[in-house]
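Generate coordinates for the entire structure from the input sequences, incorporating the hints supplied.
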Amino acid sequence: RTSSCRGGESRFLLLLVVQCERAWAHAMQLRQEANTEPRKRFHLFARLKKAVKHAQGLAALCTASPRCDARCKLEAQAYSAHLCGTLYTEQQQWKEAMECLHQAQTIYEKLSQALGESQRLLYQQRVEELAPSLRYCAYNIGDQSAISDLKRMRLQGNVGMATELDHLIAQTREKQASSLSEVSWLGRVVPVRQEKVRLFLLAHQEAPKELAQAPDTEAKIAVHERLLMDCKDSLQLLREELRAEGGAGAKGPVSSLQLLHSYLCYLRQRTTVERNLLLIRQVQEGATKCKPQDLVRPYEIIVQNLSEMLQLPGVEEGSEFAERVQAELLLYKAHRGPPHWPGTGCRGALPGDHGPVPQGPGLRATSPWRTSTPWDKDAVASLKELGRTAGKDKSTRSTRQSILGSNCLKRPPSKTRAT
Numbered sequence: 001r002t003s004s005c006r007g008g009e010s011r012f013l014l015l016l017v018v019q020c021e022r023a024w025a026h027a028m029q030l031r032q033e034a035n036t037e038p039r040k041r042f043h044l045f046a047r048l049k050k051a052v053k054h055a056q057g058l059a060a061l062c063t064a065s066p067r068c069d070a071r072c073k074l075e076a077q078a079y080s081a082h083l084c085g086t087l088y089t090e091q092q093q094w095k096e097a098m099e100c101l102h103q104a105q106t107i108y109e110k111l112s113q114a115l116g117e118s119q120r121l122l123y124q125q126r127v128e129e130l131a132p133s134l135r136y137c138a139y140n141i142g143d144q145s146a147i148s149d150l151k152r153m154r155l156q157g158n159v160g161m162a163t164e165l166d167h168l169i170a171q172t173r174e175k176q177a178s179s180l181s182e183v184s185w186l187g188r189v190v191p192v193r194q195e196k197v198r199l200f201l202l203a204h205q206e207a208p209k210e211l212a213q214a215p216d217t218e219a220k221i222a223v224h225e226r227l228l229m230d231c232k233d234s235l236q237l238l239r240e241e242l243r244a245e246g247g248a249g250a251k252g253p254v255s256s257l258q259l260l261h262s263y264l265c266y267l268r269q270r271t272t273v274e275r276n277l278l279l280i281r282q283v284q285e286g287a288t289k290c291k292p293q294d295l296v297r298p299y300e301i302i303v304q305n306l307s308e309m310l311q312l313p314g315v316e317e318g319s320e321f322a323e324r325v326q327a328e329l330l331l332y333k334a335h336r337g338p339p340h341w342p343g344t345g346c347r348g349a350l351p352g353d354h355g356p357v358p359q360g361p362g363l364r365a366t367s368p369w370r371t372s373t374p375w376d377k378d379a380v381a382s383l384k385e386l387g388r389t390a391g392k393d394k395s396t397r398s399t400r401q402s403i404l405g406s407n408c409l410k411r412p413p414s415k416t417r418a419t
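Mapping to this note's numbering: the sequence shown position 247 is 247, numbers consecutive.
Errors might be hidden in some of the hints.
Claimed, not checked - Derived DSS-like pairs (lysine-lysine); straight-line CA-CA distance at most 27 Å:
no. : residue 1 : residue 2
1   : K50       : K40
2   : K95       : K53
3   : K196      : K209
What the hints assert, rightly or not - Pair ranges (Cβ atoms, derived):
no. : residue 1 : residue 2 : range
4   : Q91       : E37       : 16 to 26 Å
5   : R193      : A70       : 50 to 60 Å
6   : Q93       : G318      : 56 to 66 Å
7   : T36       : A244      : 11 to 21 Å
8   : A322      : E128      : 42 to 52 Å
Just so you know, these hints were derived from the structure itself, not from any lab. We put the CB at the ideal spot given by N, CA and C, even for glycine.
Pasting the structure below:
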């Protein structure tokens, strides 16, 4: 068959390409299945080795064949080096993998420089596809800055690269999660023994850095959506363990497992609140004019999640945590109310443009914006501004009382000097 390829049609080379792609595609399928069935990794290695063998044979035939030009020979060498690098990466032979991947990237870079504009884009795309794998190898060799580069690539990369980047970042987090053994919440230290929960908590810790690198609001919303999906899986795992222990609905002291479940519920609710604030910002910054009714549902979800925080196991009434959540709850109830108030409209600068600040000693004493995010500070400032002009109408005030509760709008009784 080798002599036929050398002296016959060049299309015979496509047979080897098909064999390589077939073995590689099967290996990628096995890699996904190996997440739940670890024994399939052995089959994965076998298929990748088969793909590498065919790729090396293809490169050798192209080098020996007079029918192949220099470009064809270089492409075959880069293809073979890429598959070799993939095999070494799966086998965690980081140095060898980096050498092979760098060889493939160098060839593609040289080809992109030698060809015209129409063909250059194809090779530049191949160079970009190899960059995440190279950074992942660099991280495992000892470059600690590589994980930040991978996250930035995921935020800025195209849809085709997103799956591979997620896979590489997940592998990196698995190594880091071994050091995350406990968390502190509500004054208690809670052990974390579940690997999936550790991975989620690690992703939650790294989320602020990803949000800081996100180029726009849509990318920030995507970060929150990924966190919510990971949190959902972790909560399901904890619920199954609670049912197995018979402590899902048990009364009495809160166990460590129940407190960990409560903490993850809090993180899910807090992430939902932050995501909805971003959705509100996205609506207000949109091209179409913002209507008050467009913001009712997002604020309803925020109020619902804040209310659920107060009902979590381990949260004590009157604690500092409960007071802060209660104050924040009143703040967003004020945002929720304006679509039902007479004579109000959506000005669209901030969510705080939609109602006056609710008054009350509890809210003033534990204001969440004193130590919360700049977004809340802006919201409160705009609420105060609108409150100066729209707070005296009786019909509006009665409606606000029904929304916020009569107690939050009552001012504390003034102290009179004894005569």
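Here's how the hints hold up against the structure:
no., hint, verdict
1, K50 / K40, "15 Å, holds"
2, K95 / K53, "20 Å, holds"
3, K196 / K209, "21 Å, holds"
4, Q91 / E37: 16 to 26 Å, "18 Å, holds"
5, R193 / A70: 50 to 60 Å, "58 Å, holds"
6, Q93 / G318: 56 to 66 Å, "58 Å, holds"
7, T36 / A244: 11 to 21 Å, "20 Å, holds"
8, A322 / E128: 42 to 52 Å, "49 Å, holds"
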